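With the hints in hand, could you dock these two chains into one complex?
Read top to bottom, the protein sequences are chains A and B. If you read the first sequence in the numbering used here, its first letter stands for residue 849, the second for the next number, and so on. If you read the second sequence in the numbering used here, its first letter stands for residue 2, the second for the next number, and so on.
It is possible that part of the hints are untrue.
As the list claims (entries may be wrong) - Straight-line Cα separation of at most 27 Å, DSS-like style, residue types lysine-lysine; simulated pairs: (1) A:Lys852 / A:Lys975; (2) A:Lys975 / A:Lys988; (3) B:Lys5 / A:Lys909; (4) A:Lys967 / A:Lys988; (5) B:Lys5 / A:Lys975; (6) A:Lys967 / A:Lys909.
Hints are computed from structural coordinates only; laboratory data are not their basis. Please read these numbers as outputs of a predicted model, since none were measured by experiment.
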Amino acid sequence: MTVKIYANAFDPWQEIQSYQNTLIGGHFGATNVFIGTMRDFNDGDDVKSMTLEHYPGMTEKKLADILIAAGQQWQIIDALIVHRVGTIMPNEPIVLIAVWTAHRGDAFDACRYVIEALKSTAPFWKKEVLTTAQERWVTKNTDGYNAH
Amino acid sequence: MTIKIRYFASLRERLGRSEDTVAFEEALTVSDVWYRANPDQALPVNILAAVNMDYVALDSIVEDNDEVAFFPPVTGG
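Bound conformation, chain B alone (with noise of 0.2 Å):
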């Protein structure tokens, strides 16, 4: 009954971790999600969240054993 985080890039050098691990909850969102994990950060402006390796809005539903994972915007190419 858990959800894994994972954190990329500035926001992973920023936070000085790449992944927490947070106990799944009914109705939990990917922003709840942050902020069970990090309760003294607001969310980043412009960051961006994959659920399972897909895109999803902040307000999206998460499911137990769920991937969330929060980046900065992308830069490759």
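Bound conformation, chain A alone (with noise of 0.2 Å):
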């Protein structure tokens, strides 16, 4: 199971494209995928860019810990994070979850957990700039069970 953090602009595809190609093929029959991705609104406003700060080492290591917790809970063959730090655009994912296994309700069920841990857990941080050049910090994660 892996975690990149990437200070650039990233190819989800490719990053899943080249990780599956490091798997032993015929082992798994299911991968399931989220990616997030920057939008040009949030709250109402028009955003224009965002900064993403993490804390280099503890994010790292929580975002492990999520993958130890998921592979505890579900059968998992392999396990792949990767997020963004640094200046992101609309448009340029932020974070990838792909999740390997046998069947598909531990790949599902295993990509949604890892990213609601992640979003409430792992130690990121977004700050917006706004069409305005206002900036603000994004002060909560909206709650990903019960949005609409």
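Below you can see the structure in the form of structure tokens.
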């Protein structure tokens, strides 16, 4: 299981493909993927760019802990987390979660668990720059299970 | 005999610095460490704390050479 923090833009599909190329073909029957992409709006305002700060060391440790916890609850063959830091522009991927399992139930559930655990516990902080040039820290994430 | 303190995100900006150092003493809690470094600043509501990169409660005891971090709620993903 692997955690990557990138300071530059990445192609999630390429990441999935190259990681999957390292796995033993025939063992996994399900791959579940979540990609979080930067929007150009938030809380009713137009957003121009965003800066993502993290706590080097703790962030990687928390993400690795989340993957271990997922592996204790579901039958995971392998999993990958990629997360951006630094300045991000609208339409750029922020986060990629990919989970490979034998069967789909474990893949869906583990992937959902990993993104929700990441959003509530991994030390990352977003600061938005609006099109008005105003800067503001994002103060909370939306509730992943109740938001519509 | 010191404890390193780190601040992140909006808290770092508000304090105007990213790090502090305080002298180690026996039976110092995470909350005590905050007030040694910020005697005039109440602990912010909803603040999160970590010791050596693991989340802790504010009444946890800190050991010599520990790294204590304070930061606002996380907003990644």
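Do the hints match the structure? See the list:
1. A:Lys852 / A:Lys975: 21 Å, holds
2. A:Lys975 / A:Lys988: 11 Å, holds
3. B:Lys5 / A:Lys909: Since the Cα atoms of B:Lys5 and A:Lys909 sit roughly 19 Å apart, the hinted pair holds (cutoff 27 Å).
4. A:Lys967 / A:Lys988: Within the cut-off at roughly 10 Å; holds.
5. B:Lys5 / A:Lys975: 25 Å, holds
6. A:Lys967 / A:Lys909: Distance ~14 Å between A:Lys967 and A:Lys909 Cα, so the pair holds.
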